[in-house]
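K.L.:
Chains as they are written, first to last, in the UniProt record's numbering: chain A, 1 to 423; chain B, 1 to 315.
Treat the hints with care, as some may be off.
[To be verified] SDA-like mimics (lysine to any residue), calculated; alpha carbons at most 20 Å apart, straight line: (1) A:Lys190 <-> B:Ala154; (2) A:Lys190 <-> B:Arg153; (3) A:Lys188 <-> B:Gly151.
Quick caveat, the hints were computed from the structure, so don't treat them as lab data.
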Amino acid sequence: MNATRKALAAGLAALSLLAVSACGSDSESGSTDEVEVFTWWAEGSEKAGLDALVKVFDEQNPDLKFVNGAVAGGAGSDAKNVLQSRLQNGEPPATFQAHAGAELTDYIDAGQIEDLTDLYKEKGWNKQFPEGLLDRLTQDGGIYSVPSNIHRANMLWANSAVLKKAGIEPNKTYDSIDAWIVDLKKIKAKGIIPLSVATDWTQVNLLETVLLADLGAEAYNGLWDGKTDWAGSEVKDALADYSTLMSLTNTDRQGLDWPDATQLVIDGEAAFNVMGDWAEAAFQEQNKTFNKDYTAVPVPGTDGVFDFLADSFTKPVDGPNPKGTEAWLDTIASDEGQVAFNKAKGSIPASTTADTSSFGEYQQTAIKSWGEDEIVSSLAHGAATSVNWLTDITSAVAKFGSNKDVAGLQEGLAEAAEDNKPE
Amino acid sequence: MSSTVPSAVKRPEKPGRRKGRLGGHGWVAPVLLILPTIIVIGVFVYGLIGSNINTSLQDRHNIGPSQGFAGLDNYRDLFTDDDFIYSLRNLLLYTATFLVGTLCLGFLWAWLLERKARGESLFRAIYLFPMAVSFVASGVVWRWLLNNAEGDRASGLNRLFGSLHLDFLQNPWWTDERWGILAIAVPAIWQLSGYVMALFLAGFRGIPEELREAARMDGASEWQLYRHVIFPQLSPVALSAIIIIGHMSLKVFDLIMAIAGQTNYTTQVPATQMWVEFTRGDYAKSAAIGTILLLIVAILIVPYLVSTYRQERRR
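Whole structure, please, built from the sequences with the hints as guidance.
P.N.:
Printed below as a string of structure tokens:
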């Protein structure tokens with residue numbers, strides 16, 4: 001009898017433990033003055049930008065409490081996995097960070113984020129953000145996020161001293177990829193790495209700028225809506241250029257990430273690097289002077305085109321604190337918020353009403369282009385395609401990186417387009 | 001004698017006695033005792049395996065809910081996908097190298113220590129130590145050691161080869177399309193050879209000195225001694241080592257993530273592919289890969305379990 005009772009007690013204890021742990025999660029939601037902001041901004045200039053935003057938010061909303069829900073690691077992929085499990089379990093944060101544009105498709109299709117079109121009208125955000133941007137944010141007839149910043153992906157960074165050593169004018173501009181390749185070969189003959197590149201996603205970034213340069217903005221846009229044929233000869237020529245460029249890069253690319261590739265240019269081991277304008281922060285941190293130690297121009301053949309990407313914030317369906325979410329979005333859209341965030345992060349405000357006079361020299365050129373240039377959506381950063389499509393493209397590019405098979409790359413890209421084409 | 005033995009055996013089988021000791025419901029106590037374990041394992045192991053298999057049979061290729069039952073389509077897609085075949089091939093190469101490498105090195109070290117090498121405890125510590133480091137931590141170091149830059153920019157092992165004027169040994173390591181995966185096996189072998197050594201050393205020590213002496217008395221040569229006395233005694237140890245290393249190898253994930261990252265083509269194995277598919281929200285495909293991995297591990301483990309079960313019953 002005694003043994004039975006002991007066993008019973010042990011069993012009950014174990015079961016009650018289970019029950020307690022199952023209930024534990026319910027008590028977390030707590031008071032409604034908390035605004036949990038979910039991002040993958042956990043370090044560097046991204047963290048600095050978030051901190052600057054929080055400062056503005058606290059000033060504007062003294063009665064609300066900011067809760068940092070940042071998840072670090074995996075260039076955002078870890079955060080996205082955590083976020084997805086929370087959304088599917090009905091425990092969304094008050095708001096979460098996402099790349100503006102087609103990357104939001106999955107959340108919209110799954111009914112996980114709210115349409116903010118009415119909020120845009122109510123708050124007058126329509127007038128504040130440029131029309132080209134609003135067009136790119138609109139999906140299925142609605143706008144689902146509020147952009148916090150604008151980055152440009154088609155920038156070419158160069159080390160002036162290295163170019164001089166190779167007998168090339170530091171501020172020389174090129175009309176086309178072909179003209180550029182001629183100089184790259186000259187640099188290679190000097191025993192310097194002509195073009196530095198890093199791991200897979202930076203190769204996708206390079207590929208997208210080559211496509212943009214060779215196809216032109218219109219045909220580039222056609223890649224994403226089915227008007228341009230991925231298997232066609234235009235893309236074939238662009239891929240041949242891409243292949244030539246890749247043969248002029250460093251061989252240890254798979255082991256590097258973008259800061260390492262940019263560092264090669266900063267240190268003078270490589271002449272050029274194609275990277276988004278967050279590279280500006282890396283040059284600035286090391287006290288390099290714009291247009292003296294280094295130059296930044298649009299990738300050859302893409303002058304007059306702004307390959308944009310933006311971070312933005314969403315309003316999850318059934319969020320814990322809708323008022324708090326709106327307050328956060330208000331801060332994001334406000335001129336103070338846009339200026340504070342972008343000065344710290346190195347990007348430019350999405351809002352046209354923000355006062356940008358205090359921004360740095362490179363940022364001023366970006367602001368000017370943003371106002372004048374044709375805007376296209378970046379592939380590598382989620383603006384042009386869904387996550388699924390981008391993943392397929394990335395695997396095709398990664399495969400090419402090791403087998404150098406141009407025909408195989410085009411096949412892989414065409415297949416990816418076939419599998420993911422929007423209906 | 002013959003009259004006392006049967007009665008001694010029979011005594012516990014008397015129904016009255018058993019009832020008296022366990023209070024009539026002999027099964028209640030033990031069942032209650034293991035019930036929490038059964039429930040927890042049932043839910044978190046078998047329940048989740050079932051749920052995973054169910055997901056793998058659904059048409060669920062984005063973060064939205066399932067679009068219906070897809071049958072074996074996901075599996076068919078996987079086995080017609082060149083990339084998946086490539087990652088299976090990588091896994092096979094990796095497992096073979098990892099197994100052979102750890103078994104040979106582990107056995108060699110154990111044998112040397114068994115031969116009464118000097119400073120045994122020091123070497124044991126040195127060889128066993130890598131096992132205490134996690135794959136992720138050692139991966140970060142090996143990522144640098146296995147850097148594929150050659151010539152002036154070389155670092156890690158390539159730099160070492162360069163400075164020793166062994167330039168021909170410089171190679172692209174894990175970025176080579178055909179043999180790159182073998183470079184991942186190098187740190188894995190480094191990390192687990194010591195463990196295999198410990199297993200074999202325990203095996204060696206478990207062989208009574210009398211057996212060897214008896215063999216030597218019978219005139220066995222040193223080779224015959226190993227061939228007929230020591231190896232047969234070590235074979236259960238070797239089998240355990242194969243099972244342990246083998247199933248670890250099939251599940252390799254952390255080491256590859258730490259060294260090469262998740263989207264790198266040359267070091268793709270099913271586990272990293274499963275992660276990529278999961279991250280993009282293709283739940284059905286990643287669940288199908290998970291199920292295939294489970295089956296592969298089962299192919300290795302189940303015969304082992306069956307054979308040990310049989311052996312135990314025979315005893």
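K.L.:
Report the numbers of all earlier hints that the structure fails to satisfy, in ascending order.
P.N.:
When the structure is compared with the hints, none of them turns out to be violated.
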